[in-house]
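Residue numbers (the numbering used here), protein chains in the order written: chain W, 1 to 377; chain X, 1001 to 1135.
Rather than coming from a laboratory, the hints here were simulated on the basis of the structure.
Just to be clear, a hint being listed does not mean it is correct.
Facing chain W, from chain X, some residues (calculated, C-beta under 7 Å) [to be verified]: (1) 1014; (2) 1016; (3) 1060; (4) 1086; (5) 1111; (6) 1115; (7) 1118.
Covered stretches of chain W (chain X as the covering partner; in silico rule of three or more C-beta atoms under 8 Å from a C-beta of chain X) [as the list claims (entries may be wrong)]: (8) 13-26; (9) 111-124.
Note that CB positions come from ideal geometry on N, CA and C, so glycine has one too.
Below are the chains, spelled out letter by letter.
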Amino acid sequence: MSILKILVVDDEPGIRGGVTRILRNFRVDYPFMEEAIEFEVMEAPSGEAGIAIIEENPPDIVLLDNKLPGIQGIEVLDYIKKKKKEIIVVMITSYASLELAVKATSDGAYDFIPKPFTPQELKSSIENITKRVFLKKMTNKLQDAGKQIRFTFLSILSHELKAPLNAIEGYLKMTKERQLGPNLSDYDGIIDRSLDRIRGMRNLILDLLDLTRVESGKAKRNITDVDLLKVARAAIDTMRPYAIQREVSIVLQGDAPLVLPADQEEIEIVFNNLISNAIKYNKEGGTVTCTIQKKEGHMRIQVEDSGIGIGQNDIENIFDDFVRIKNEETKNISGSGLGLSIVKKLVDHYSGKIEVTSTPGQGSTFRITFPINTPCL
Amino acid sequence: MKPGNSTILIVDDDQDYLFQLQEKIRRFGFKTITADGQREAELLIEKVKPDLAIVDLMMEKEDSGFILCYKIKKKYPGLPIIIATGVAAETGIAFDIQDESNRKWIKADSFLEKGVRSEILKEEIFRLLPLSPDE
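In isolation and in its complexed conformation, chain W is listed as follows (with noise of 0.2 Å):
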């Protein structure tokens, strides 16, 4: 339950005690509120009062008169649009006139109630301003909770690029001073090393332009008939010189025609990501098998490996950003941590689902459905 606190400024304590008692036991509340809102009523006679209230216990809402004793309303306006800029005012007065009306609301009112007015003119009024305090507040917690994600992950982006750029100084360092020796075949170890971080670099960086193309929306999209079976066979093809290193075999499954409304780039981040991991991730001479199917108005997508696996504890950070499974077995598999949370943030963009089951030292299983009829994002 939150209060707002209101204040009325009118030299007539008939008004006052008015607003007070219409107000006292009103509530508002709406379903997409979490909490019913209250008000507290205070009251100033005049506009000095008014600002020194407003000075020492700022109000939400301020209910104006324009015809007061000393300075009148629109200076107390003015006041409040140059010093609280988060407060709303809404005139009140019987000297209505479209001049006035007009005047108020260029200086910044946001309302306008001729005197004489009802109870439930007053109630219809604040009623409207509450939902939208409520909304201006919600997106200020949300601009505040945006910017703390993005600080993380500047934080933690930072990180990733400077723990290989120093590894490399320092093997340059060792380099200059000779530090191993006068061979420089006995370089090719810490030489070696640095090509892999370069190599980690550059992944991390066209995984953040993926990234960047995902979240910012502007992005041109074109929206085709997409081949899924054959953006499977690009993918497959691509990490297939790999996969032969690795020793792992890969099959695709699906019956023809498998089209879906996309955008065809989008979907070729969603497979190059899977069937990467399940390489990656695999054992020598493991399988890895992508199946795609059509079912009740829905495409799913299946990459199963008889890989690693993942454990309980990780499976459920494994979607977010620069999150990679860092235990005995992963130590030498490379990557940039970002490759799932921007399968997922593109599945999102779908109004599709991922989900993955796995089982330790057997495999892991991803499946994703996007719904055909759904417009995408």
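Starting from the known structure of chain W, fit chain X onto it as the hints suggest.
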């Protein structure tokens, strides 16, 4: 106290950083043992007691370094521990380690930034070593 008699444990999940730091510390004249993460380090200290430990902050988890520090101190109360941080990253994510009260909880003896100059690292190690109970 001769450095040659002391063994320093280095824990870091970046294999290149681990290799380079190990080289550096050997050049200072110390013996070294290494672990590539919190788990391996915990197994290692069961078998060997080092004279000082240098521990990375973020390994398997964001706070692996803290947890490891705590466990080492529990097993070897007087053992000096240096936590190595990539400062900008860690202060953004985990605890605010600049804050004195958090540092006390963490129980490390020193915090050094990764990539700090060799002279400073050497000074810190020599400063902390005589505190080791066996000396």
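To see whether the hints hold, each was checked on the structure:
1. 1014: Hint holds; residue 1014 of chain X Cβ to chain W Cβ min 6 Å, cut 7 Å.
2. 1016: Since chain W brings a Cβ to about 4 Å from residue 1016 of chain X, closer than 7 Å, the hint holds.
3. 1060: Hint holds; residue 1060 of chain X Cβ to chain W Cβ min 5 Å, cut 7 Å.
4. 1086: Cβ of residue 1086 of chain X sits 5 Å from chain W, so the hint holds.
5. 1111: violated (16 Å)
6. 1115: Because about 6 Å separates residue 1115 of chain X from the closest Cβ in chain W, which is inside the 7 Å limit, the hint holds.
7. 1118: Nearest chain W Cβ about 10 Å off; hint violated.
8. 13-26: Since three or more residues must qualify, the claim that chain X covers the region 13-26 of chain W is violated, with 0 doing so at under 8 Å.
9. 111-124: Check failed, 0 qualifying residues.
When held up to the earlier numbered hints, the structure conflicts with 5, 7, 8, 9 and fits the remainder.
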